[in-house]
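If you read the protein sequences in the order shown, they are chains D and L. Quick note on the UniProt record's numbering: the first sequence kicks off at 1 and runs consecutively. Quick note on the UniProt record's numbering: the second sequence kicks off at 1 and runs consecutively.
Please note: incorrect hints may appear among the correct ones.
What the hints assert, rightly or not - Just the calculated beta-carbon pair ranges, DEER-fashion:
no.	chain 1	residue 1	chain 2	residue 2	range
1	L	D393	D	L451	34 to 40 Å
2	L	K337	D	D368	56 to 62 Å
3	L	K294	D	E198	40 to 46 Å
4	L	K294	D	D261	55 to 61 Å
5	D	T173	L	G561	38 to 44 Å
6	L	Q222	D	K51	56 to 62 Å
If you're looking for bench data, these hints aren't it; they were derived computationally from the structure. All figures in this text were calculated on a predicted structure; none of them were measured in a lab. We put the beta carbon where it would ideally sit given N, CA and C, even for glycine.
Here is how the chains run, residue by residue.
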Amino acid sequence: MRKISLLVAAAFLLCVSLRAQDYSNYAGQGARLDALVKAYPQLATLKSLTKTNGGKDIWLLTIGTGKTEAKPAIAVIGGVEGSHLLGTEMAIGFAENLLKGSNTDSIRNLLARTTYYVFPNMSPDAMEQYFGKLRYERNGNTTETDDDRDGRLNEDGFDDLDGNGKITMMRVTSPVGDYKLHPDDARVLIKADAAKGEKGTYLLLTEGIDNDKDGKQDEDGEGGIAFNRNLTYRHNTFAPGAGDFPASEKETRALLDFLFDAFNVYAVVSFGSNNNLSAAIPYNPGAAQQRIVAGYLEPDARVNGVISDLYNKVTGTKDAPKTNAGGGDLMSWGYFHYGRYSYSTPGWWVPKAKADTAKKEKPFTVEDPAANYLRWAAQQGITNTFTDWKTVQHPDYPGQQVEVGGLDPYVLINPPFKMTGEIVKKHTEFLVKLAGKQPELEVLNLKTEKLANGLARVSFSLVNKGGMSTHTKLGERSYFLKKVKIDVKTGDKQEVVGGRKTTLLPALDAGTQQQFNWVIKGSGKLTIEAGCPTAGYKTIEVNL
Amino acid sequence: MKLNIKIVPVIAAMALGIGGTQAQNANQVFKAAGSPVNPKVTVTWNRYYDHAGITEICKKLAAAYPNLVKLESIGKSYEGRDLWCMTITDFKKGEEKKKPAMYIDGNIHSNEVQGAEFALYTAWYLAESFADTKFIQELLADKVFYIVPTINPDGRDSYIHKPNTGSSPRSGLLPIDNDGDGLVNEDLYDDLDGDGHITMMRRKNPNGRWKIDPKDPRNMIQVGPDEKGDYEILGSEGIDNDGDGRVNEDGYAFEYDPNRDWGWGWQPNYIQSGAYKYPFSLPENRAVMEFVMKHPNIAAAQSYHNAGGMILRGPGGQEDVSTYNAQDISVYDAIAKKGEELLPGYKYLVVYKDLYSAYGGELDWFYAGRGIYTYSNELWTPYLMFMKDATRDPFDNTTYSFDRYLLFQDAFVPWKEYDHPQYGKIEIGGLKKNFGRAHPGFLLESDAHRNMAFSIYHCFHTPKLEVQDITERDLGDGLKEVTATVYNGRIMPTHSSQDVKNKIERPDYISLTTNGKVVAGMQIENKDLNLSTEQKNNPQTIEVNNIPGLGAVTVKWIVQGGNGKYTVNVDSRKGGTATLAK
Numbered sequence: 001m002r003k004i005s006l007l008v009a010a011a012f013l014l015c016v017s018l019r020a021q022d023y024s025n026y027a028g029q030g031a032r033l034d035a036l037v038k039a040y041p042q043l044a045t046l047k048s049l050t051k052t053n054g055g056k057d058i059w060l061l062t063i064g065t066g067k068t069e070a071k072p073a074i075a076v077i078g079g080v081e082g083s084h085l086l087g088t089e090m091a092i093g094f095a096e097n098l099l100k101g102s103n104t105d106s107i108r109n110l111l112a113r114t115t116y117y118v119f120p121n122m123s124p125d126a127m128e129q130y131f132g133k134l135r136y137e138r139n140g141n142t143t144e145t146d147d148d149r150d151g152r153l154n155e156d157g158f159d160d161l162d163g164n165g166k167i168t169m170m171r172v173t174s175p176v177g178d179y180k181l182h183p184d185d186a187r188v189l190i191k192a193d194a195a196k197g198e199k200g201t202y203l204l205l206t207e208g209i210d211n212d213k214d215g216k217q218d219e220d221g222e223g224g225i226a227f228n229r230n231l232t233y234r235h236n237t238f239a240p241g242a243g244d245f246p247a248s249e250k251e252t253r254a255l256l257d258f259l260f261d262a263f264n265v266y267a268v269v270s271f272g273s274n275n276n277l278s279a280a281i282p283y284n285p286g287a288a289q290q291r292i293v294a295g296y297l298e299p300d301a302r303v304n305g306v307i308s309d310l311y312n313k314v315t316g317t318k319d320a321p322k323t324n325a326g327g328g329d330l331m332s333w334g335y336f337h338y339g340r341y342s343y344s345t346p347g348w349w350v351p352k353a354k355a356d357t358a359k360k361e362k363p364f365t366v367e368d369p370a371a372n373y374l375r376w377a378a379q380q381g382i383t384n385t386f387t388d389w390k391t392v393q394h395p396d397y398p399g400q401q402v403e404v405g406g407l408d409p410y411v412l413i414n415p416p417f418k419m420t421g422e423i424v425k426k427h428t429e430f431l432v433k434l435a436g437k438q439p440e441l442e443v444l445n446l447k448t449e450k451l452a453n454g455l456a457r458v459s460f461s462l463v464n465k466g467g468m469s470t471h472t473k474l475g476e477r478s479y480f481l482k483k484v485k486i487d488v489k490t491g492d493k494q495e496v497v498g499g500r501k502t503t504l505l506p507a508l509d510a511g512t513q514q515q516f517n518w519v520i521k522g523s524g525k526l527t528i529e530a531g532c533p534t535a536g537y538k539t540i541e542v543n544l
Numbered sequence: 001m002k003l004n005i006k007i008v009p010v011i012a013a014m015a016l017g018i019g020g021t022q023a024q025n026a027n028q029v030f031k032a033a034g035s036p037v038n039p040k041v042t043v044t045w046n047r048y049y050d051h052a053g054i055t056e057i058c059k060k061l062a063a064a065y066p067n068l069v070k071l072e073s074i075g076k077s078y079e080g081r082d083l084w085c086m087t088i089t090d091f092k093k094g095e096e097k098k099k100p101a102m103y104i105d106g107n108i109h110s111n112e113v114q115g116a117e118f119a120l121y122t123a124w125y126l127a128e129s130f131a132d133t134k135f136i137q138e139l140l141a142d143k144v145f146y147i148v149p150t151i152n153p154d155g156r157d158s159y160i161h162k163p164n165t166g167s168s169p170r171s172g173l174l175p176i177d178n179d180g181d182g183l184v185n186e187d188l189y190d191d192l193d194g195d196g197h198i199t200m201m202r203r204k205n206p207n208g209r210w211k212i213d214p215k216d217p218r219n220m221i222q223v224g225p226d227e228k229g230d231y232e233i234l235g236s237e238g239i240d241n242d243g244d245g246r247v248n249e250d251g252y253a254f255e256y257d258p259n260r261d262w263g264w265g266w267q268p269n270y271i272q273s274g275a276y277k278y279p280f281s282l283p284e285n286r287a288v289m290e291f292v293m294k295h296p297n298i299a300a301a302q303s304y305h306n307a308g309g310m311i312l313r314g315p316g317g318q319e320d321v322s323t324y325n326a327q328d329i330s331v332y333d334a335i336a337k338k339g340e341e342l343l344p345g346y347k348y349l350v351v352y353k354d355l356y357s358a359y360g361g362e363l364d365w366f367y368a369g370r371g372i373y374t375y376s377n378e379l380w381t382p383y384l385m386f387m388k389d390a391t392r393d394p395f396d397n398t399t400y401s402f403d404r405y406l407l408f409q410d411a412f413v414p415w416k417e418y419d420h421p422q423y424g425k426i427e428i429g430g431l432k433k434n435f436g437r438a439h440p441g442f443l444l445e446s447d448a449h450r451n452m453a454f455s456i457y458h459c460f461h462t463p464k465l466e467v468q469d470i471t472e473r474d475l476g477d478g479l480k481e482v483t484a485t486v487y488n489g490r491i492m493p494t495h496s497s498q499d500v501k502n503k504i505e506r507p508d509y510i511s512l513t514t515n516g517k518v519v520a521g522m523q524i525e526n527k528d529l530n531l532s533t534e535q536k537n538n539p540q541t542i543e544v545n546n547i548p549g550l551g552a553v554t555v556k557w558i559v560q561g562g563n564g565k566y567t568v569n570v571d572s573r574k575g576g577t578a579t580l581a582k
C-alpha cells in the first residue's frame, strides 16, 4: 500500500512539474480545455467533433458571447502537424490568454462582435509520439498505411540503434557518400556541392535498418496519414502520409464538415510549417488566371500584404525561413477551397545566431540550420539536444564505419517550453488585432422621402468599414459562402413598387459602399435587413 | 404505381415448390435464341422500377439462385434507402474475393434511370441463363460481377414520383442553397397542371421570337433573324415562389452533381460546378468507395448514364491527359472498339476531349485512383429511333415523328391554357419526362441486352492466369533450378500501367512449394540471354509488378535438396489465382 501511494505521489509531482516545464500531452491538453470551460462557462464551450482512429478527440473550443454562430468568426487551428507541439500550445495558450483578459473592456467588446473557433489539435495521434517511448518527429495518425505500397504494413520503421529513446541520424563512411563535415562545426554534415567539384565522404540516413531487405531503409514505419497532407488542394495522392484520396481521414472530414457549415468564418489562422504571415504570398497573374486557380487573386494578395505587415509589427519576428506549401495542406485549402482569408505561421523558428567573438566564433562560411541551431542553443544554455556520433555495428553495411548521432528530433521547430509564454502572448495580440480588421457593415445616409400620399422613397448606402472584404475575391465564386443580402421585409399593406424586394450582392469590398433605393407603397414601420454571415447583419427600420 | 402485380403470384407459387408458374407454362413456350425461355424470376423489361421495385427484383433473384446471387446493402442513401449490391458468381467454384471482378452501377444521376434496369437485366440474365449456357457457366466460374443497380435511390424515386422534366433532378436529395441567399429549396418547380411532368410554359406575344413548327404543330421553334414571331417561351413550369424576381432558381433539380464527388482530380464547386465539400462527401458515393476499397479484385467497371449513345472513358480533365498512358489506352481501345460493334449508334469517346472537362468523376477515380479499367456508357441515342443518325435538335423532326408513328403521341402533353399568377394567360405543354433521355419501352430490353453483352466482353477480358509449365534443371552440388512461366490469356494486365506507376495494388505473388530449401529466387527478364533480377527477401514468393495481357512472366528458384516435387501458386489481386503441380 505504502509503496503504491508513494508511487502515486511521485507520479503526481512529476505531472505537476511536467506541466510547468514541458508541452502538454493529449490528456494534459484536454484537462486545460476542460478547466477553461469550467472557469468561463458564459464565454467558452467545448465539443468533440470526432474521434480519430487512435481514439482521440478532435476538440473544438468556441469562444464568444450570445449567438456565436451569428457573428463573424476566425478559426484558429493548431496541431496541423503532429511534430509541431508549439502549434497546439499556441492555440490553447491563445484561448487561455483571451479568456483571462475577458474582464477587460477591450476583450469584452471584441467577443461581443467576433467568435473564435479554436481547434487546438488536429493531429493528436501523431503528437503523442513526443511523449512516447521512442521519440521521433511524427505527423501521421494511427491509420494503418502501407507507405511503400508493397502489400505489407509497417514492416520497416526506424530502429533505435544506440538505445537512447530518440531517432536521430546515421552516417556511413562511403566513397559514394554525398555529405561532408561542416567546415565550421564538425558535428554537422552538409551536402557536398558536386558543381564545385566537392566530394562527399558520408552517406547520411535516418537511424535504422533495412528490415525487409528491399533496398530502402525506414520506408514503411508506424505512422499513417498526416493531417496537413490530407486536404483537398493539390493532394499528393499515393505519396506516403497523404492518403489514397483527399480527406480520407476522420479528423480531416470533421474539420471540413464543421467549417463548410460555419458560414460566419471569414478567416482561418493556422499554426504549422507554412508561413504566409512573415512574408505575404505575392500576386502572380499567371497562376491566378489558371482554370485550376493556383495563385491568390489580386485583391486577396493585397489583403495578405496588409495582414502580414500587422503580423510582423505585432510579433516583432524576423528572418523567417521561406516555406512552400507542399500540397494537401491546410493553409492552401483555407484559401483555394474554402474561399476564406487563410493565414499560417510556425510561430517560432531558430533565430539567426550571431558569432560570439568572445569565444572567437566567426560567422558561418556555410549557412546550415543544424549548425545555426547548435550555436544558438549554446548561447541560450540549452544542452543535451545533440547526441555525439558513436560507432555502431550495422547489418546493412558490413565492413563500413557506421555512426549514430546528431540533433534531437523536434528541436528545430519547437522552442524550449519556457519560451512559449512570450510567443503565445504575441500571437494572442495578433489574433485580437486581426479581428479589428474584420468586415463590418454600416448604414449611412438613410433617407425616407414622401413622394405622394402613401408613397415613399427609402434610400441608404451600405458601407463596409472593415479592413477586409465581406468575401475574398475567390470566395465570391463559391456557393459555400452566403451572399450579401438586402431584404425589404414588407408588412401588411406594404408593397415594393420600385426596386428589388431582395437583392443579393456577391461581396462588399473593404472601404466601399453601395447605394440602394426603393419606392414603397404603404404606411407604418418598414424593416430592411442587410448583411451576410461573414460581416454580420444590420436591421434598418423606417417610418413610411 | 403498382409495379409488380404479375410477380407476386410467382413468388407464392415458388414458395409452394411449384416451378415455372409463369403466364405460360413450359410446354407452351419455345426458346428464342440467347434469351432465358422460362425464367424463375419473371421481370417485364419494357418499363421502369422505383427503388421498392428494384429491391423486390433483387431479393427474388437472390432467393431463386442462392448459389449464384447474393444480395447485400453496401450502405444507405441520404434519405436512408439501401444501396443494394448483387454479387453474382458461381459460388460453388472458387473463392469470390479471389476472382477477377466487374463492377456495374447505374443511375448516379437521378434522371438517368435506365442504367438501373440495364444493370438489373445483366444480373437477371446471368442468373437465368446459367443453367443452359456453357459460356455463362465458364464466365461465372472465373469471374464475379458486383452489380449495384442504383447508387442514387433517393434521386431515382424523386424523378419517378415527383413532378420533373426529363433532365431533373440530376442530383440526390441532400438540400443545398443554390442561390446563396441563406434559404434552402425555397423556389422549386411547380407542377401547374398536376400531371407529374414538368413541361414548358409558352405565351402568345406579338413581340415574341418563337413560332409553332409548321412541320409539327406541337413543336416550338425559334424564328429566323429576319422573321417575326408570335410566341415567347417562359421556361419550365413554375412560379416565383419566394418573390425574389426569379422563377425556379432554388429547387432540388440541381443541388450538386454526384459525379463530381470522387477522389481523383477533384476540384471545388467554383471550378467544377456540382462539386460538394470534398471527395466522397455524399453518403452514396462514400459507400461505393468503401465497397471498392474492400474489393481489390475489381479489375473492370461500368457506370451507366444517359444519354447520347457513347462509350466514354477518361480523362475527365485536360490536366489528366498524361495519366492515361499509351499502354492503358490500347487496352481501353481494344475493348471499346468491340463495344462500338455490339452497340449500334454508340460511339467510343473521351470525356475531356469529346464532351467537356469534368473533374472528380466516378470513372476517373476508378481508373486513376484504383487502376480499374472503367467505361461510362451514355445510354439511349436518337439513332435508335429510325436506325439512322439523328439528333434531338428541334429542327430535325425525328423526335416528333417517332412519337407520332411509334409511340402514338404518348410522349407528349398537349398544349393547354393556364392562368398563371405572374404571367397571366399562358399555355403549358411539351415532352413528358420519360422521353428524350429514357428509352421508350419497346427498345429498353434490346438495348439493355446489347449493353450487357459489352459488359460481359469487358469482364471476360479481365486477366486469366495460368501456370504454363514448371521445368527443373540440375545445377550439381544438390542444387536444382526450378523455372515456371505464368501466362495471362486475356487483354487486361493484372495491373494497369497507372497501377504499376503508383503501386496501387500489391504485386502478384508467385510462390513455390517444395520440401527442399529455397536458397534464391528471381524474376527472369530474358530467358535466352540469362538475364534475371534476384529478390533477396522471402525468395520462395517472387513478387512481380505485373503480368501483361496476352503475355507471360517467368520466374525461377534455386532449390537445395527436396524430392523434386513442386507446386507453383499464383495469387494476384485483380488477376485471380492459378496453380500447377509437378
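Verification of the hints:
For D393(L) paired with L451(D), a C-beta distance near 51 Å fails the hint of 34 to 40 Å. K337(L) and D368(D) have their C-beta atoms about 59 Å apart, which keeps the hinted 56 to 62 Å range intact. The given range of 40 to 46 Å is broken by K294(L) and E198(D), whose C-beta atoms sit roughly 52 Å from each other. Remark: the range hint 55 to 61 Å for K294(L) to D261(D) is contradicted by a beta-carbon distance near 30 Å.
T173(D) and G561(L) have their C-beta atoms about 41 Å apart, which keeps the hinted 38 to 44 Å range intact. Restraint check, Q222(L) to K51(D): a C-beta distance of roughly 59 Å satisfies the suggested window 56 to 62 Å.
In this structure, the earlier hints numbered 1, 3, 4 are contradicted, and the remaining ones agree with it.
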